[in-house]
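Novice: Residue-level listing of the chains:
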Amino acid sequence: MAKKKKFRIVHYLNNFFSGFGGEEAANMELKVIEGPIKVGKMVFQPALGETAEIVATIVRGDNGWTTKFIEKTTEQVISLIKKYNPDLVIAGPAFNAGRYGIGCGAIGKAVKEELGIPVVAGMYYENPAIDLYKQYSYIVRTSDNALTTKDDAEEMAALAVKLLSGQEVLPDQDNYIPRFRRNYFAGKTGAERAYEILDNKLAGKPRKTEYPMPEFDRVAPSEPIHDLSKVTVALVTSGGIVPKGNPDRIESSSAQKFGQYSIGGIDRLTAEAFQTAHGGYDPTYANADPHRVLPLDILRDMEKSGIIGKIHDLYYSTVGNGTSVGNSKRFGEEIGKLLVAAGVQAVIMTST
Amino acid sequence: MAKEIERQGILVVHCCSIVPISMTVGGNRIIPTTGIPHPFGDPTETKIKDVIKEKETELNKKLSESEKTELEKKLKAEEPERELRVRREYVEATLKAMQTHIDQQTVFSE
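Residue numbers (the working numbering), protein chains in the order written: chain P, 17 to 368; chain G, 866 to 975.
Just chain P, same shape as in the assembly (with noise of 0.2 Å):
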């Protein structure tokens, strides 16, 4: 009897989980190694079975996912993976990392759109890269840091061994995210199984939500300012306040950047000069008066008769609207460390 074929699949690993090196090394260009090497080799591979092998291993450097790079790297990874003619693609699993995230995420979606053969990645569920990519990869949840890789990876194979024989695959029996709804025809209405959920929450009864709400930590008020005339105040608006032109595109629905601006030895902000980036509420107000949002013109005027220290040079502003939960956190944690670094004292946070 003819051997079965194996699968071919193609894995992607980046500078550190390749073992070419941290930081130091997230420049190096593209390299391949013919079959698996590390998490590949040790587990991959074995839990792939008889099934599928990795014929080989790409290697970037993670500055290749940056915006600058991004472009040509996905084209010269998909070029090497077209030389191996896979079957799949694994990529990663990238945990947290934002440039190894953004990686993956991006070769699933130019393998998708290139080669149509599926990939399976993993990721934390706070990687800023699912957002973007989820609905081109098989995107397995993972732990935020590398000691659970084995039980990760192995996931990962499992996923890639029914998507490899046809079988059929589910976000919640595959522990994958979600790619797209997927709409059903439940046998009661929504009501009914709303009253169950309730009923059965009120009887101190186990039930399962249909639609998990995400879960907010909370953190210690901050010392009250003593004395405001020597405080140094930083304004911040999830508003989308932005230059005329919006010359940074900040997206006016599910924002993926935020912007730094000068106000430095600006008193006010004209119709001219500003505008807002948002679409998720009525533009007309903000446009026709900024200060409606950003109350430069009176912070000024306190700044200028000593009520307040001094207003921070630099103004932060994003769109918040539809955007997600992840994108948020660390759009707050760069502006607080550039904050920190820069002596503010307080921030004026407005929201649309």
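Hints in this document: simulated from the structure, not taken from any laboratory. Note that this is a predicted model, so its numbers are computed, not measured. Glycine included, each C-beta is placed from N, C-alpha and C at the ideal position. Don't take every hint at face value.
As the list claims (entries may be wrong) - Which stretches of chain P does chain G cover? Using the computed rule of at least three CB atoms under 8 Å from a CB of chain G, they are:
1) 52-61
2) 67-76
3) 203-209
4) 240-247
5) 310-319
What the hints assert, rightly or not - Keeping only pairs whose Cα atoms sit at most 27 Å apart, straight-line, the calculated DSS-like set for lysine-lysine is:
6) P/K21 x P/K246
7) P/K22 x P/K246
8) P/K99 x P/K57
9) P/K88 x P/K22
10) P/K99 x P/K178
11) G/K961 x P/K353
12) G/K918 x P/K260
13) P/K99 x P/K54
14) G/K961 x P/K326
15) P/K221 x P/K320
16) G/K912 x G/K927
17) P/K246 x G/K961
18) G/K939 x G/K927
19) P/K22 x P/K47
20) P/K320 x G/K961
Stated by the list, open to error - Not everything, but these chain P residues come out facing chain G in the computed CB check (under 10 Å):
21) A42
22) D233
23) V235
24) V360
Given the structure of chain P, go ahead and fit chain G onto it with the hints provided.
Specialist: Then chain G, alone, in the frame of chain P:
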């Protein structure tokens, strides 16, 4: 964002119109503002209907179209000064929140 900035040791006052969202996510010092499209503003267009209703209740009669137009024109003429006054009130409330000691999430409402 407010919470992540505060986590790094910077006091944040969150000025917003949908207070329950800030409460749920975990904002500590919250100032409810005038309206979603104009948190620190008070434009005529969004208040004229309410002002007309108030006037009709006060006078106990329906206003004519020309009376309504007159009222709107008056509000529009006062708008710049009115908005600066309202904005200053809300900024002062924000600064007061900055100077107030709190042990838990607090909505600083009038």
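Novice: Run every hint past the structure and note whether it holds.
Specialist: Against the structure, the hints come out as follows:
1. 52-61: violated (count 0)
2. 67-76: violated (count 0)
3. 203-209: violated (count 0)
4. 240-247: holds (count 5)
5. 310-319: Holds, because 6 residues of the stretch 310-319 of chain P bring their Cβ atoms closer than 8 Å to Cβ atoms of chain G.
6. P/K21 x P/K246: Violated - the C-alpha atoms of P/K246 and P/K21 are around 74 Å apart, more than 27 Å.
7. P/K22 x P/K246: This hinted pair is violated, its Cα atoms lying about 71 Å apart.
8. P/K99 x P/K57: Holds. P/K99 to P/K57 sits at ~21 Å (cutoff 27 Å).
9. P/K88 x P/K22: Violated, at roughly 31 Å.
10. P/K99 x P/K178: Given pair P/K99, P/K178 holds - Cα atoms ~24 Å apart, limit 27 Å.
11. G/K961 x P/K353: With Cα atoms ~25 Å apart, G/K961 and P/K353 stay inside 27 Å; holds.
12. G/K918 x P/K260: Roughly 37 Å separates the two Cα atoms, so the pair is violated.
13. P/K99 x P/K54: Given that 27 Å is the threshold and the Cα spacing comes to 22 Å, the pair holds.
14. G/K961 x P/K326: holds, 16 Å
15. P/K221 x P/K320: violated, 61 Å
16. G/K912 x G/K927: It holds: about 18 Å lies between the C-alpha atoms, which stays within 27 Å.
17. P/K246 x G/K961: holds, 15 Å
18. G/K939 x G/K927: Holds - the C-alpha atoms of G/K927 and G/K939 are around 18 Å apart, at most 27 Å.
19. P/K22 x P/K47: OK: P/K22 and P/K47 at ~24 Å, within 27 Å.
20. P/K320 x G/K961: Holds, at about 18 Å.
21. A42: violated, 25 Å
22. D233: holds, 7 Å
23. V235: holds, 5 Å
24. V360: At 6 Å from the nearest chain G Cβ, P/V360 passes the 10 Å test, so the hint holds.
Against the hints set out earlier in the document, violations occur for numbers 1, 2, 3, 6, 7, 9, 12, 15, 21.
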